[in-house]
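A.B. asks: Take a look at the letters that make up each chain.
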Amino acid sequence: MSRMLKLAAAASVVTLLPVTFSVAAAENLKVVASFSIIADFAKNVGGDRVDIATLVGPNGDAHVYEPKPADAAEVGSADVVLVNGLQFEGFLQRLVEASATKAPVVELTKGGEVLRNTEEEDHHEDKAAAGKEGHAGEADEGHEEGHHHHGESDPHAWQSVHNAEVYVKNIADAFCAADKAGCDTYRLNAESYGEQLEALEEEIKATIAEVPEDKRMIITSHDAFGYFEHEYGIKFLAPEGVSTESEASAADVAALIKQIRQDKASAIFVENVTNPRLIEQIASETGLKVGGELYSDALSDENGPAATYIEMMRHNITVIKGAIVGS
Amino acid sequence: MRTNWASATAIALLLCLSSAAHAEEVTAWRLFISDHAEPKVTVIDAVDGGKLDTFRIKGPASLHRSESGRTVFAVQGAAGVVTGIASGISFEDHGEHGDIDVEAPKLAGVEIAGGKPSHFVEHNGDFAAFFDGEGAARIISEKAVLEGKSDFREMKTDAPQHGVAVAYGSYVLLSEPNREKPDELPVGIRVADEAGAQVGGFHACPDLHGEASSGNVLAFACATGLLVVTHGDGTPAIRHLPYPHSLPHGKTTTLTGGRGLQYFLGNFGADKVVLIDPTVESDAFRLISLPTRRVHFAVDPVRAKFAYVFTEDGQLHQLDVVKGEIANSLKLTDPYSMDGHWSDPRPRVAVAGDRIVVTDPLRGVLHLVDATSFEKTGDIAVEGKPFNIVSVGGSGQTHEGE
Ligand SMILES: [Zn+2]
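Residue numbers (this note's numbering), protein chains in the order written: chain A, 1 to 327; chain B, 1 to 402.
This is chain B alone, in the form it adopts within the complex (with noise of 0.2 Å):
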């Protein structure tokens, strides 16, 4: 959560300059990524473009970073294995200012192994790593991972299913797998509680596919619409935001939340992204469309108002959220046509505070995005392909003497 305010606050800029004459302003910014073909992790400075560490795991990985960024978790789905890494970075909020501690990036020590690891979800410093293979989820807080404690518990679903868990206070949302065509998507959540009995009732979500937060809420992605999940009282509330019929026909199967602003961003079709407000009940969907095939998208969780779209034909979208419109387009790396598998080698983008990051697995470089001027500033050659990013970060005080 820090990076929402780490550049935001100038009264507590203020504040923190007449209060702590000793302490030093300090921003450190690493980048995590994972590469398309070899088992390892490479962090990079964001800062000033140097590698900091390798590590090497066992596996491809997708890469998720905790809310607190103190965690990064490499989810090896073909080797079978989830592992968790400190960043290095932490933050304290002392309100009136942060402070910020900065360490070398190391493996956690902590691994959770289980047949095709694929969603891995956070809530409230709880991650719920779904495992495919066996339709089970095993959950962690993120306290036992940085004291390097493999502590977790497991929830079982009745079958494999390409799934999704949200450990949820002391609830868990348990997708529900299509008894009648098992390789197909979920069709529902069911929660349970601490003991895994069923809590209410089914929540139909046919082709359940993508989830994502955005503050105090939570969604996930159906073929008919989201489901949306609040804190009801006691027990979470879950209702069900149709699509529109003003919508063209499709589905939205990818799910990121806004930072600073509430709001969902999603795929809709290949060549659209819609804009979801969850908490009303008319005009909740905007449609946006692209040039092109959509290739990844991510918030900027320092400038509420944009968000960023990568699309097959090489560029970079700056989306103004506030408009529904994009308010600038880059192009950045050759074609990446979504012809061919689904995790082929392509672009990924994360935002490193004033920094839009964009990994061109095919050149093995990072491409650098100033994100107030969305021009490009540089690249940072990395060996391999590199593919998943995420980005860890912010601005802090460190105290002298302490």
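Extracted from the complex, chain A is given alone in its bound form (with noise of 0.2 Å):
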């Protein structure tokens, strides 16, 4: 297609952007995706009609990152800005603000089906269990405010394929409406990647289908795989919460301890986006071995085991599956 049918199309959609798009049309879509998981999903929709830049890279943590100006820049030049909601990127706000940009937010799990912070609640259970045994005290105060602070919805949506394909199908509808003339390549390649999160999906109910009930319990840092837990049956417990922004407190490791002990956990692991030290003394007070690293908020670089979704998926389910019967 013409740049110029192309820049006619557009401009008459797009009407919040006139100066920007008139810019942009002639180039590829500018893309500014939140972390990495989203780029991933951003390029596969995308392809070579965008361009995406990437604010939380590779192993980096959304929940506590620190935007710098040239982010402010990067979201300030965009056309589209992707963003996964429910509060997972709490800088989110302080930034759009000091880009002044125009381009939609668009948040991805919209549409998806989103979990409650139940695990809150399982935290405040604890706690009081703990206090029981003499760990009650003002350094728990803080952290159940951090708690708080978590908005009450899981944010780790990606963590179910079904929903991945709700973030696929938004990112789709936020390209055509900023590049019309782009559109049916954006469905297009939509659909094939669906299809290939289809098969996914498959392969992990199969993986997880040879893991034995009675040994689905696992032990990571912070509850980001609420998702995996709801969609595909693997109970998994942390010492953190949904944000890795407030550190577990000694009750609440020392709770998980004793739930660990209690209820049989098959293995532990540490995750590529936490610092590994809590989940190797909860590994030795336990006598849980370290089962591997699972990739929970982000993607691995380009030469690890998870440079993208899908091997990151694939790469979680083997390593469980590993750790728990072998491999």
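Pairs of lysine-lysine residues, derived as DSSO-like cross-links and limited to a Cα-Cα distance of at most 27 Å, are as follows:
(1) Lys30(A) to Lys43(A)
(2) Lys169(A) to Lys110(A)
(3) Lys102(A) to Lys323(B)
(4) Lys323(B) to Lys30(A)
(5) Lys116(B) to Lys181(B)
(6) Lys321(A) to Lys215(A)
Which bits of chain B does chain A cover? Going by a derived footprint, with three or more residues having C-beta under 8 Å, they are:
(7) 254-264
(8) 272-281
(9) 320-327
Hints in this document: simulated from the structure, not taken from any laboratory.
All residues carry an ideal CB built from backbone N, CA and C; glycine is no exception.
Two chains, two frames, a set of hints: combine them into the complex.
C.D. replies: Pasting the structure below:
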């Protein structure tokens, strides 16, 4: 399609950004993705019609990310900004304000199945239990505040492949709105990537089916796998809540260790976005062996085992299954 | 930290309205102003301009506010004492909304005495006052100050120096005196554990002067670049970020840290400032020329995109830290030449919510500038020579029946 035609089509649709867009239309669509997993989805949908800048890169922790002036400049000159939403990107509002961007900021979890953060109550129960053992005290208070801080929804929706398909559909919609000329391409790309996601989901279910049901409780650093648990039936426990922002209290850790012993957790894993020390400590206290590294909130770099979303999910189930039943 | 969020979270506000029917939104801002000649701190209500109180202290002071805003410190170099003041404003974070508690400001009842206190640094609720005359740091927590307890611990360096200390979790970062030339600036940083034993090597930082935090990064300014401190694996991780060859000859000697966006703003020579992204290896430094020599600068904790620089021609400049350029300039005072002694009375800048406040010591007023329109909106007269200034406050909920 000619550039002129693309420009004309776009200008009629995106009335909010006539200036930005008339410049950008001759070029690729400028997309900012808040973190690596979204960037991978965007790459699959946008193909070579889009240029993607990623704010929180491989192995980065978006929960505690601190945006730089350069990020604000990037967002300020973007045509589309793709974010997770559900308060995953704690920095988002400040960044969008500082950027003064006129681009749509698209929350990709919109329309997805969103889980309430029930882990929060679990933690409180844990704390009450720990309190009876004499661990209660002022140290807990800060942590409790931290927990409340993160809203009521669990933001890690991409850990359900079904939700990943919603992300992809939302990205295609956003790209179509910003670049009508490319819409057919985006829809086709989204469809074929969607087929890969469906195959991935079958693969995950088949792999989990090989794990005995009484061995499906495992430990990670933070509550990043609620959606995985909900969809695929592996129970995840973690010392930290749905955000890595607040550190686990001694009482949380004590309660978790007690629960691991009582309920016989099968395996324990470090995460790529968090410091492994706490997990190593819990492993040594419970006699569980660290079964490997799971990719929770970010992809690996290009050379790592989880450079794309599909590789990440495959890597995670392979590592989980391997640690529980052997590979 | 509350100021970052106070006016920012529209979503949180909506939740507040629905979940707390009896809550009332309250905004309170206070200005703490020291005098260039008199031993006093004046407290002014920045919302209505009225004077709340005047605290007599022992000598002219420079002022520091804590990250939480609950405490203000008057560092009285010549009088040899650091005085803690409870600001009277505190916030409690309930996630979906923040509660504000407003009481009268008062002297906290904590004084830390020693020879020539100068640099004063907070890290995560621990304050370290460095006493140049002794080469020693005294460290106290905000909790202790607010309880009126002078419970400080002490860390000593080898010699008197114009130094600095930072209480960094269970470690302390201490400047290293220049042994050959004791009158000159420190030469680097050492890390000590709680018992005072050195951890790791020596981190060279010639002419160390100026330190600041932005988010989870702490930095010291050196003649050669910045020392950048982050949370390492257990112990603090310290690396040197050199000035690039593209910068002219010069160095940073005063540093402040971005709020809401992570960056550092420093002087670079007399008539330039530099914006620094401490997390990158290349293009970390952006140099911005000023029309005349710099008097003072401050970051905007609410509008993360802006910082403010006051220059000797009496102008306040709005610096866009995203674009790296001066966006607006506003003439506020008569010229304040940078000729003469560095500690002569000259304007200082603070941001109180939607207002930028600039002291004008020779005229005895505070100039108020609307932070959104960048236009002057008024003056507040202050007796004497209003000099150093900090602001404390924000918005929050108060609940009936509590
Ligand atoms: Zn997470």
